[in-house]
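J.: Here is what each chain is made of, one letter per residue.
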Amino acid sequence: GDSVTQMEGPVTLSEEAFLTINCTYTATGYPSLFWYVQYPGEGLQLLLKATKADDKGSNKGFEATYRKETTSFHLEKGSVQVSDSAVYFCALSPLNNAGGTSYGKLTFGQGTILTVHP
Amino acid sequence: KAGVTQTPRYLIKTRGQQVTLSCSPISGHRSVSWYQQTPGQGLQFLFEYFSETQRNKGNFPGRFSGRQFSNSRSEMNVSTLELGDSALYLCASSLAGNEAFFGQGTRLTVV
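For the record, the sequence lines run as chains E and Z.
Residues in the first sequence are numbered from 30 upward in steps of one, following the numbering used here.
Residues in the second sequence are numbered from -2 upward in steps of one, following the numbering used here.
Hints are computed from structural coordinates only; laboratory data are not their basis.
Ideal placement from N, C-alpha and C gives every residue a C-beta, glycine not left out.
Careful, some of the hints might be misleading.
Said to hold, decoys possible - Looking from chain E toward chain Z, a few residues come up when the C-beta cut is under 10 angstroms (computed):
| id | residue |
| --- | --- |
| 1 | Tyr65 |
| 2 | Glu71 |
| 3 | Leu75 |
| 4 | Gly107 |
| 5 | Ser108 |
| 6 | Gln110 |
| 7 | Gly140 |
To be verified - Pairwise CB distance ranges, derived in the manner of DEER restraints:
| id | chain 1 | residue 1 | chain 2 | residue 2 | range |
| --- | --- | --- | --- | --- | --- |
| 8 | E | Gly30 | Z | Val108 | 18 to 24 angstroms |
| 9 | E | Lys85 | Z | Gln15 | 15 to 21 angstroms |
| 10 | Z | Arg27 | E | Pro147 | 27 to 33 angstroms |
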């Protein structure tokens, strides 16, 4: 079945440091890929997405590129802030029977806790 | 535009009891999905409802069930609660062909 593997955390960085959180996936065909962020006591918020190979999703300084050849979707940010401290989840949405994306059934990675210190 | 609303936010139940959680999706969204989040297992898909029909189901025992009403609001029910059912239960809604939006979750504690 489908699966998502994220790098083990937690990750602790100083403000303005470069961030990379690795994510690889196993799925049939070409799933859509997502990064979600969860702040303490909150639900998940969509950070960025990519729906086909070589797409780059970006938002709030975060970027991730859909790499079909390496089945990866690594999250990067050039300069993190204290406010970026949260849990980050990589996820995929499989194709449905009609060949479209089944957004209602997401498979998540284990999550990576990011802490940024001033 | 209101987001996904889950009630209650917190719940404490005793082993053996049953519980019902509620989710109101974003207006116009017909797909509602439920997820269980625990420290050990992470985020796991429970089921998805679309237009009052269960469209997808995860790998959970039959004690976990759900339903969706004609106004797209959804409920999930867990019967014969076990300690291991303690978790954050998240609901997400989506409009056909677009990404899922999550509620803040219901924190269930089983004692």
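J.: With reference to the structure, classify each hint as holding or not holding.
T.: Hint check results:
| no. | hint | result |
| --- | --- | --- |
| 1 | Tyr65 | holds, 8 angstroms |
| 2 | Glu71 | holds, 6 angstroms |
| 3 | Leu75 | holds, 5 angstroms |
| 4 | Gly107 | violated, 25 angstroms |
| 5 | Ser108 | violated, 26 angstroms |
| 6 | Gln110 | violated, 23 angstroms |
| 7 | Gly140 | holds, 6 angstroms |
| 8 | E/Gly30 x Z/Val108: 18 to 24 angstroms | violated, 34 angstroms |
| 9 | E/Lys85 x Z/Gln15: 15 to 21 angstroms | violated, 46 angstroms |
| 10 | Z/Arg27 x E/Pro147: 27 to 33 angstroms | violated, 45 angstroms |
The structure does not agree with the numbered hints 4, 5, 6, 8, 9, 10 stated previously, though it agrees with the rest.
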